[in-house]
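Based on the provided sequences and hints, a complete structural model is requested.
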Amino acid sequence: MTLPIHLHQVSKTYFDGGTAIHAVNSFSTAIASGSFHAVAGRSGSGKTTLLNLIGGIESPSAGDIQVGGHHLHAMDETGLSLFRRHHVGMIFQGDNLIPKLTVYENIELPLLLTGADNFAETIRCMLSDIALEDKGDRFPHQLSGGQKQRVAVARAMIHCPGVVLADEPTAHLDSATAAGILELLIRLHEKTGTTVLFATHDPAIIRRCEHVITLADGRMVS
Amino acid sequence: MKLNLTRIWMRLVLRFCSRHRRKTIAVGGFIVIGTATLVLLYGITTGINDCMVMNSTHLHSGHGLIALPDTRLLPALIPVIRKESRVADLLPRHRSSGLLTGEKGAVPVNLFGVDPEKEFVKTAVSQRLTAGVVPGPESRRIMVGSGIADALSAKTGDILTFNTGSGVGLAGIEISGIFETGIEYFDNTTAFMPIGGFTTALQRASTAEIAVFFSHPEEIRPAAARIQQQLPAGISLRTWDELLPDLVQLIEMNTISMMVIMTLVYLLVGFGISNTVILTVMERYREFGILKALGITPNEMVFLVFLENFMVCLLATLAGLAIGGAMVAIAAHFGIDFSQWTSHNRYFVVTGVVRPRITVAGLLWPGLLSVMVSVGAAYFPSRIAGKRTAADMLRFS
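Keeping their order, the protein sequence lines are chains A and B. Just so we're aligned, residue 1 is where the first sequence starts under my numbering, counting upward by one. Just so we're aligned, residue 1 is where the second sequence starts under my numbering, counting upward by one.
Honestly, I wouldn't trust all of these hints.
To be verified - With a Cα cut of at most 20 angstroms, we get these calculated EDC-like pairs of lysine to aspartate or glutamate: (1) 118/B <-> 89/B; (2) 387/B <-> 77/A; (3) 387/B <-> 283/B; (4) 100/A <-> 89/B.
Stated by the list, open to error - Have a look at the derived ranges for each label pair, beta carbon to beta carbon: (5) 183/A <-> 10/B: 34 to 40 angstroms; (6) 267/B <-> 22/A: 46 to 52 angstroms; (7) 62/A <-> 387/B: 20 to 26 angstroms.
If you're looking for bench data, these hints aren't it; they were derived computationally from the structure. Each residue gets a CB set at the ideal place from its N, CA and C atoms; glycine is no exception.
In structure tokens:
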């Protein structure tokens, strides 16, 4: 089930010593369910914090966040964990995978957590979708950077979450590989219809997205 | 916990345990070595206690002693006692108190009329001979303690006379041997001669005793109780722990002090385990952060980390018990010779060779201690992993 996202006057403030840092500042927006959004902005503009807030990884200092009717600001840590388990797929920068689990086992994790049964065929299809059908028994250190991120995409999408949050998944990849990851994400998005937020500062990727949210100093500028 | 524990957590835990090999070996190694050492220490303690009991009971008293007012009771009671399946051997004795007189003096003694072929095989007095030989059957020869020989200035071959207070006596008794156990009271007052050397008059003037040896000396209470039920009124079987309360206290003190030391040692081991687990939890912050980001709740994270470490500790405990048991068995086979440090100790007069022994408590105590310490050592790091948020863990890493 794909989910809409509503943010109203959301702020997140960190304190570094005595100094307040407003990573996200009075941010409001509505993201339609099933859309594919790029979250653009320079480093430090608040992209990661915004995605973490929508994913329930961090709690807002102020404001309301609703994802598919779930009021994240009112949830405790356990509630947020269960929300992520069932409704969110996450892709991070850099090391995304559990190093001691194989490709297959990494992709299997969300299914195990949601209590799914008989998912071997589902994983096999997903491995085929990401063109790693022969690498299911490999460990992350045996994969290239692009392959690792494809596995991360597969893990984020395998349990058909309502929202997929991709935090600069192409940051450490060459442009061809980055384009491949984006293509994969778009293809899976079209297949499942899930809402995708893709944080990036790569103009080539931003141009490919149907909607763009641009951040600067924690505020939406466009 | 809503998730199917066996299906998910055990699968994850087994994967993490088998693939984080360095951590598993580091934590497991601590436990294996610690538990095996505890089992060995407990086995040695039990062996030392056994050795003290054996040394004390095999010198004279047996595991139990029945004192009889009349030697004529012996023939009727011996078959009754033999019926008890746990009785390994019996040593009936005549006992007469009187004055042993030599050319240069006289000393009060307890003279025991014994069956030399059994008495000097079963008990260890014959191993403590300093001169001469043990007397043979049917002879009027005597074996005396070194204290008696010194008091009489007597040596082997000298002739002595024995007189009881009631005027019954034996003359022309030849010293065949002199023993020295190191137990002053025993050496100063005890003499043995074959029962055949006792005259009928002396036999009638004597009291009697039966030293009872059990096949399982560590569990004599039920057998002793069964024997006691068969004995006539006024006659009792006194077990070694009643006869030797000082030895009982020494054994208890030995056991308790060893347990205190083991607990302290294991607390240190637990501290080491906890530190190792904390370090590995910190090393795996990103991994745990990703798991939390995927939706593992704080309580589930605590459970996962706890179960992972507890499983390692539990398996290592079992391995430690097995290895410790094997070490005890090997040490028991060869024996540990403490003679150099026990030669002047009254509780080691027969032998200073200790044979460690495994007991139920010897496995249970180290096992329980190991499991308790494992729970503590696994719980604290798992709380750390559970408490940190996914954002903290991902940021920290």
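Each hint tested on the structure:
As the CA atoms of residue 118/B and residue 89/B are separated by approximately 9 angstroms, the hinted pair is consistent with the 20 angstroms bound. Restraint check for residue 387/B and residue 77/A: the C-alpha separation of about 10 angstroms stays at or below 20 angstroms, so the hint holds. Restraint check: the Cα-Cα separation between residue 387/B and residue 283/B comes to about 16 angstroms, which is no more than 20 angstroms; the hinted pair holds. At most 20 angstroms may separate the alpha-carbon atoms for a hinted pair to count; residue 100/A and residue 89/B exceed this at roughly 64 angstroms.
For residue 183/A paired with residue 10/B, a C-beta distance near 38 angstroms keeps the hint of 34 to 40 angstroms intact. Between residue 267/B and residue 22/A, the C-beta spacing of about 49 angstroms keeps the proposed range 46 to 52 angstroms intact. Take residue 62/A and residue 387/B: their Cβ atoms lie about 24 angstroms apart, and the range 20 to 26 angstroms holds.
In the structure shown, a violation is registered for the earlier hint numbered 4 alone.
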